[in-house]
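Undergrad: Sequence:
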Amino acid sequence: MRIVKLTDSMYKKAENISKNQGIEVNILISDALNHGLEVLNEQRVLELYREHKITLQRASELLSVDIWEMIEKVKKADIHIDYSEEELTEDLR
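Position 77 of the sequence shown, counting from 1, maps to 77 under this note's numbering, and the rest follow consecutively.
Keep in mind that a hint or two might mislead.
[Said to hold, decoys possible] Dumping the calculated BS3-like pairs for lysine-lysine here, alpha-carbon to alpha-carbon at most 30 Å: (1) K5 with K19; (2) K53 with K75; (3) K53 with K76; (4) K53 with K73.
[As the list claims (entries may be wrong)] Between beta-carbon pairs, the in silico distance windows are: (5) T55 with N20: 37 to 45 Å; (6) L37 with K76: 27 to 35 Å; (7) I3 with N41: 18 to 26 Å; (8) E61 with K19: 38 to 46 Å; (9) D8 with S84: 47 to 55 Å; (10) A77 with L33: 17 to 25 Å; (11) Q43 with D82: 14 to 22 Å; (12) I27 with E86: 43 to 51 Å; (13) L48 with K19: 37 to 45 Å; (14) L88 with S64: 16 to 24 Å; (15) Y11 with R93: 22 to 30 Å.
Read the hints as simulated data drawn from the structure, not as lab findings.
We put the beta carbon where it would ideally sit given N, CA and C, even for glycine.
Start from the sequences and build out the full structure, keeping to the hints where you can.
TA: Shown next, in the form of structure tokens:
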């Protein structure tokens with residue numbers, strides 16, 4: 001286990017939210033941090049794909065999703081899918 005320091009204002013926000021949701025503040029903070037890290041990772045992977053630094057298949061691997069879910073994420077992020085039918089067939093093998 002690691003210790004992370006929060007500012008007083010961040011802790012108060014977490015405390016208020018935890019009271020409203022009826023959960024312990026440490027659980028809320030852990031869940032919020034985990035969610036935030038997942039969001040940051042997804043944003044970075046999508047940016048790498050947008051910059052043509054990784055393939056669609058590699059992006060799906062980095063996010064631990066199947067190719068179809070990755071295609072949806074790319075569409076939602078309004079990124080052009082540069083993916084041939086041949087590449088799709090190869091990735092599905």
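Undergrad: Would you mind marking each hint as holding or not holding in the structure?
TA: Here is how each hint holds up against the structure:
Of the pairs offered as hints, the one joining K5 and K19 holds, with about 20 Å between alpha carbons and a cut-off of 30 Å not exceeded. Straight-line distance between C-alpha atoms of K53 and K75 comes to about 18 Å, which keeps the hinted pair within the 30 Å bound. Restraint check for K53 and K76: the C-alpha separation of about 19 Å stays at or below 30 Å, so the hint holds. About 17 Å separates the Cα atoms of K53 and K73, which keeps this hinted pair within 30 Å; it holds.
Taking the beta carbon of each, T55 and N20 are about 43 Å apart, inside 37 to 45 Å as hinted. Between L37 and K76, the C-beta spacing of about 19 Å breaks the proposed range 27 to 35 Å. With their beta carbons about 23 Å apart, I3 and N41 fall inside the hinted range of 18 to 26 Å. Between E61 and K19 the CB atoms are about 40 Å apart, so this pair conforms to the stated range of 38 to 46 Å.
Between D8 and S84 the beta carbons are some 54 Å apart, a value that agrees with the proposed interval 47 to 55 Å. Between A77 and L33 the C-beta distance comes to about 23 Å, which sits within the given range of 17 to 25 Å. A beta carbon spacing of about 19 Å between Q43 and D82 agrees with the range 14 to 22 Å that was offered as a hint. Our hint of 43 to 51 Å for I27 and E86 holds, since their Cβ atoms are close to 47 Å apart.
Distance hint check: the CB atoms of L48 and K19 are about 39 Å apart, consistent with the given range 37 to 45 Å. Roughly 19 Å separates the CB atoms of L88 and S64, a value that falls within the hinted 16 to 24 Å. At about 50 Å, the CB distance of Y11 to R93 disagrees with the hint of 22 to 30 Å.
When held up to the earlier numbered hints, the structure conflicts with 6 and 15 and fits the remainder.
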